[in-house]
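S.K.: So you can see what is in the structure, the chains are spelled out below.
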Amino acid sequence: MLEVTGLTVAYGAHVAVDNVDLDAARGEVVCVLGPSGCGKSTLLRAIAGLEPPVAGRIALGGQDVTAARPDERHVGLMFQDHALFPHRSVGENVAFGPRMRGAAAADIERAVRDSLALVDLEGFADRPVAEISGGEQQRVALARAIAPRPRLLMLDEPLGSLDRALRDRLLTELPRLFAAVGTTVLYVTHDQEEALSLADRVAVMRDGRFAQIGAPEAVWRAPADGFVARFLGHEPILAATVRGGVAATALADVPVEAADGEALLVVLPGAVSLAADAGDPAGPKVSGEVTARRFAGDHLALVVATDAGVELTVGVWRAPAPEPGERVDLAIDPAEVTVLPAGDRAS
Amino acid sequence: MDGDGPALSAPEAAPAAPPAARRRRWVPLALLALPAAFLAAFFLHPLARIVGLGLAPEGSLELGVLGRVLTDESVRSVAWFTLWQAVVSTLLTLAVALPGAYAVSRMDFPGRSLVRAAATVPFVLPTVVVGSAFLALLGPRSPINAALEAVLGSGAPTLDLRRTVTAILIAHVFFNYAVVLRTVGGLWSHLDPRLEDAARVLGASRWQAFREVSLPLLRPAIASSAAIVFLFTLTSFGVVLILGGPGRATIEVEIHRATTQLLDLPLASALALLQLAAVLAALAVYGRLQRRATRQRLVAAAHAARPPTSRGERAFLAANLAVVALLLLAPLLVLVERSFAGPDGYTLAAWQGLFDTRDTVLAVAPGEAVRNSLLFGASATVLALLVGGLAASAAALGDGRASRLVDRALMLPLGTSAVTLGFGFLIALDTPPLDLRGSPLLVPIAQALIATPFVVRTLLPVLRSIDARLREAAAVLGARPLRVWAEVDLPIVGRALLVAAGFAFAIAVGEFGATVFVARAELPTMPVAIFRLLGRPGVANFGEAMAMSTLLAAITAAAIVMIDRIRVGQIGRF
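Which chain is which? The protein sequence lines are A and B, in order.
When we follow this note's numbering, the leftmost residue of the first sequence carries the number 1, and every step to the right adds one.
When we follow this note's numbering, the leftmost residue of the second sequence carries the number 1, and every step to the right adds one.
Don't take each hint at face value.
[Said to hold, decoys possible] Only some residues are given here: those of chain A computed to face chain B with a beta carbon under 7 angstroms:
id	residue
1	48
2	50
3	124
Rather than coming from a laboratory, the hints here were simulated on the basis of the structure.
All C-beta atoms, glycine included, are put in the ideal place defined by N, C-alpha and C.
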């Protein structure tokens, strides 16, 4: 459906998108994940035709649209902070796309009704957009983007400005909506939870390039490099020397499946547990002192300063949990670590 | 208060002090006393005389004069000319300035702020200077004709647009370009550019995106700038007086002619009433437009402007820069050039002539007019700051209703045309206790009346923006009311006061419409002197008019540059 090849977008000397390749199959949900300023919004704007690329090719449905005007591309773009037309009502905002495409009055009306129904805003058509809440504005922006039935729906940080409760609710509703619309989706966010829960494939972006593209679980369990691992929140990430299937690190020696040499050992969340709770008693053990305890609702997160000098965070689901100052023994599950080639730890 | 010791004997802090609301009520009223008296004596009183003279010339109500004036063929044609030239001037200004507003607000290019500043210069120029500049540019001795002759040979047609409607229209566009540029461009540069992006992605063409999204959002600014331009051109006096001719007079010019040439005061009064009615109607429309603005999210100007990318965009930008250069700068350059032109080559004769008493056009050496203008301008500035400052303070202290009332009342002189004010002075201030006939004081008073609304408009937002808690903090820390004002209000308002002073001075120095009625023959101001010099034949007089205009433009520009340096980072507003 979408094929981006060698796309480069530059603002003067600053290269925002640097020789990027990306494709999305019909109906696929691809999430572009990256820190702010990595070029992900520029990528969307270029695909929408709002930023002229300096090099590369963009094709939609097999048709080259690199030089096409934005209004010829038939894509949907939901802007960060929504960009609703302030002088028009909810219904007029949603009707705008079908109207620009020259739809008949009856079709426009149906498109507005259907789109508002999809986002649970029936009966809002006559309300001025300035008088509805932030969450409702977000839904109107989504309805406006899907109303002309775009072949590609792009969303730029759609949940960015919402409070947490609203965001969580929409996060569960969006997959249902994507399925109902049935369109290809390109979703840009800096929030890994959003990306991992919504995407068929995640593309992690950094400094205008993709660091890794893959299925959410694959990216999560096997980050391509230290940047991706850190961006996903994995810690600690330790320098390791692999020899004969064992990675020697400052923390412990961990059995791994990797070739000999210098490497990075990424400890995934869930790899560390109290030794008493460990499922695999054969795994490596470390001990240390609890320095802090944070209540996280369904569990307690313990921060442990290990004797090896590395800080670990351990989740504890049973009471009583160790108090700060207590010494604890921890087990590391070798199945929950991953090894990366060394070299970019500093980045 | 049982005398615990000196440390606790502060009487102001006693709980017996009246509640703030009660104590405050009389303060705005006291502050308003002087502005109210000023307005009553020098605005309402003359206005009442005009109404009286127009409706009851012989002391009893008689609508005959008014009726005769309104049905008179020549008056009708003047009214018709006034109206249509104002409409056409407004439309032309919009047509030329709207693309310019787009270029300076949405396109990022080197020298953008310089272009914006340059485009603002004409607006602050005195009308007489604008008239002189276009007289020089569009007359037979203009460099345009020299260029035509150089290209086409001696058989080239001579361009002479003096005394034509075309000249008036061009001068009006020149004069009002900045109104549209700043009002519309100011809003445009803060419109979220993603709104048009959203429209484009939804399938709107470039033009549709503009028409469907930006245009409706800009409509209030376009409408209010159009209303202002309409008002300015409807009451255009100096430009029309200098560039127009027989059959090309506005009501303003007719009031002047009826007063000074026909000596028909009832006719002038009736014309002034006609003018007042037209202005009030225009103001009413303006007021309605102001109230209908869409609430919208504005972005920082820096995010809205993008460098031109396509060839079409670059051509558009170049065309608009050419308009600024040709329309806005050429007249001024020619003005300066003409002031140095002599029969054979360039000379300083005109400039020397300014300070030569041999001249008989004026009762005094033209150079005297410079001194008069500076003196009158400075006095008017002090007066306007006093009246405007007190009124603004009262408005800022009082509740919303009182504050709006003061705002409106002091805006009235702004709406009333300068000529009407000057004429009113002439017929009203001649009887005791206000017998100022022939008094040189009339000039600064008239100028102050016209400058005061600008002073209020500059000071009031700043005064209102002072956080009331700052005053409360000062009071709690022991400052008496006057001390609070001196320690809190004055330092914060100081900057705005300087800006207001610069504005008032520029307006006073360039004021022509009212001054020409009240200035004594031997005490002409610069605009009056320029007008008289232009009215006389001879190359020497013309050259001196050009030199004087150049000097006046420089003085005004200096005042405005001072304002621009003080005022940082504000959206231009009128």
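S.K.: Take the hints in turn and mark each one as holding or not.
M.R.: Here is how each hint holds up against the structure:
With a least beta-carbon distance of about 5 angstroms to chain B, the hint placing residue 48/A at the interface is held under the 7 angstroms criterion. The interface hint given for residue 50/A holds, since its Cβ lies 5 angstroms from the closest Cβ of chain B, which is under the 7 angstroms cut-off. Hint on residue 124/A is violated. Least Cβ distance to chain B is approximately 18 angstroms, over the 7 angstroms limit.
In this structure, only the earlier hint numbered 3 is contradicted, and the remaining ones agree with it.
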